[in-house]
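Residues per chain are reported as follows:
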Amino acid sequence: MSITIEGVEKRFGTFEALKGVSVAVPNGSLTALLGPSGSGKSTLLRVIAGLEEPDAGRVVIAGQDATKVTPQKRGVGFVFQHYAAFKHMTVEKNVGFGLKIRKKPKEQIAAKVDELLELVHLKGFAHRYPSELSGGQRQRMALARALAVEPEVLLLDEPFGALDATVRKELRTWLRRLHEDVHVTTIFVTHDQEEAMDVAQQIVVMNDGLIEQVGSPRDLYENPANPFVMGFVGEVNRVGDNLVRPHDIEILLEPDGTAQEGQIERVAHLGFEVRVELVLDDGRQLSVQTTRQDAEERELEAGQIVYVRPDRERKFSAA
Amino acid sequence: MRGNRLQRYGLRFVALGYLAALLLVPVVIIFVRTFEDGLGPPIDAITSPDGQHAFWLTLTCVLIAVPLNTIFGVVAALVLVRQKFRGKAILNTIIDLPFAISPVVIGLSLLLVYGINGWFGDDLADAGIRVIFSTPGMVLATIFVSLPFVVRETMPVLQEIGTEQEQAASTLGASGWQTFWRITLPAIRWGVAYGVVLATARALGEFGAVSVVAGRISGETETLPLFVEKQFSNFDLAGAYAAAILLAVMALVVLFSMNLLRRKEREA
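Read top to bottom, the protein sequences are chains A and B.
Each residue of the first sequence is one higher than the one before, counting from 1 in the working numbering.
Each residue of the second sequence is one higher than the one before, counting from 1 in the working numbering.
Wrong hints could be hidden among the right ones.
Unchecked claim - So the derived list for chain B, only partly shown, Cβ under 7 Å to chain A, looks like this:
hint, residue
1, Gly38
2, Pro41
3, Asp44
4, Gln167
5, Ala168
6, Leu172
7, Thr184
As the list claims (entries may be wrong) - Once the Cα atoms are required to be at most 16 Å apart in a straight line, the calculated EDC-like pairs of lysine to aspartate or glutamate come out as:
hint, chain 1, residue 1, chain 2, residue 2
8, A, Lys100, A, Glu52
9, A, Lys104, A, Glu92
10, A, Lys87, B, Glu166
11, A, Lys68, A, Glu52
12, A, Lys87, B, Asp122
13, A, Lys100, A, Asp114
14, A, Lys112, A, Glu132
15, A, Lys87, B, Asp96
16, A, Lys73, B, Glu160
Think of the hints as simulated: they come from the structure by calculation, not from any bench.
Because the structure is a prediction, the values reported are computed rather than measured.
By construction, the Cβ of each residue, glycine as well, lies at the ideal position given by its N, Cα and C atoms.
Please construct the entire structure, taking both the sequences and the accompanying hints into account.
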């Protein structure tokens, strides 16, 4: 189901969490709400779920105004950062909770729970308690629980935030595949730009209670609307008034008249990539990304004097 | 290593020695004294009409006061933990009043409210309801002294579980009522149970407040603690000890059931 947010505002005491947010989420899409902490992304997600009531504005789900609809009747599945597992229930009972509330027949619940546990790879864990599961398993259980009631919209609030890096990467690949299978309109909140770029089809970049830009991952990276977006979706160097990505800077071994002189401070090998940290002759720091092959061929090393030239600088009128 | 060991045994000695000297020895002596002259006298004492009446009256007070305080306690804990309102700090303090005020003062204050010439006393008397020197007054006194336990034991547990599980339940389609019974209550059940056990123990043993409002008519307004005291003043030591043992056993049953609950919790 498509979701439309129109001019939503929300304040907590004196803190303005959302300052008039409007965005459309197409039916069946996988959208990320990306932003630093305090940007309002979680609040927006909770407003969509009905867990927070907006002070102004509307939430429209599938063409129906849902602003005043309780979460109970909203038909959304919600996955919490810290799983919100029902600790006194087994995995099976957790997943079947929504169906039991709907008074579905026992056999039907059992069949659905079975199917979902298969889907989230928790088949052998039906009779365990949440305390006997790892973080990643608990989160998959929470996801199965949300999917059990066949929601029109699936909302995930920093779903992988509490997990360690390896599990996080695994789960995000898995979420993307799941979305391909289930095709439910999905919105997830993250502060990790790499996670957003990896998983989402559409990214909504938020900052300070407002939306900065909406676009595909590539779009945001190639054509950021402002310095904030450019800085948030990837690394940047500031060169004068301009911003430039570390991989858009060329390192020359000889001066060519336009390139600026600098000294290499450190060469960090990050696998395929090499990050070269420089201090320019005017004292400013610069980070340059290049390939391992390039760094090896030209024998870049700390202490060396080189000349740098930005390839693709960007100037923002506001900056 | 040896220092540590010495320290460990030292601490254990202090803890156990304190318990033995101040709690265990008096209780054991009561047991010994009660059965000094065989089983006859103590059994006679508690099977006497007054003794039996005292037992049932005590049970009545407990069975009314504790369920009421349990329901109120859970509701009050929910309100105090989950809601923001003016006067919350005051409510929070008032709940502790029964801990702070001497039971005798509680009894006297009930006299002032419900007694003859009290606030409601005359109206109630006109309606044919007698509170003071009768069972309702004793139940009220019992409720008063055992009120804070369930609230105080439930609040920290509610705080700890937070609201996420409840929110998850609501997004899964549960109503507020369903969420309370299926999610909140099971999550706080051990806190509530512990509060119930403590409240029961307190209600069983209450002497001061009940004594003031009871008027102490034998066979009518005499609970077990009052019965014990009366037998003791009348030099019927066997009767006093026997009733004291009965009270102790009732309290011990409650205490042991609490420990059983705790063990069950640890296993779960």
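Taking the hints in turn, this is what the structure says about them:
{"no.": "1", "hint": "Gly38", "verdict": "50 Å, violated"}
{"no.": "2", "hint": "Pro41", "verdict": "50 Å, violated"}
{"no.": "3", "hint": "Asp44", "verdict": "49 Å, violated"}
{"no.": "4", "hint": "Gln167", "verdict": "6 Å, holds"}
{"no.": "5", "hint": "Ala168", "verdict": "4 Å, holds"}
{"no.": "6", "hint": "Leu172", "verdict": "4 Å, holds"}
{"no.": "7", "hint": "Thr184", "verdict": "11 Å, violated"}
{"no.": "8", "hint": "A:Lys100 x A:Glu52", "verdict": "25 Å, violated"}
{"no.": "9", "hint": "A:Lys104 x A:Glu92", "verdict": "15 Å, holds"}
{"no.": "10", "hint": "A:Lys87 x B:Glu166", "verdict": "12 Å, holds"}
{"no.": "11", "hint": "A:Lys68 x A:Glu52", "verdict": "10 Å, holds"}
{"no.": "12", "hint": "A:Lys87 x B:Asp122", "verdict": "53 Å, violated"}
{"no.": "13", "hint": "A:Lys100 x A:Asp114", "verdict": "14 Å, holds"}
{"no.": "14", "hint": "A:Lys112 x A:Glu132", "verdict": "22 Å, violated"}
{"no.": "15", "hint": "A:Lys87 x B:Asp96", "verdict": "31 Å, violated"}
{"no.": "16", "hint": "A:Lys73 x B:Glu160", "verdict": "28 Å, violated"}
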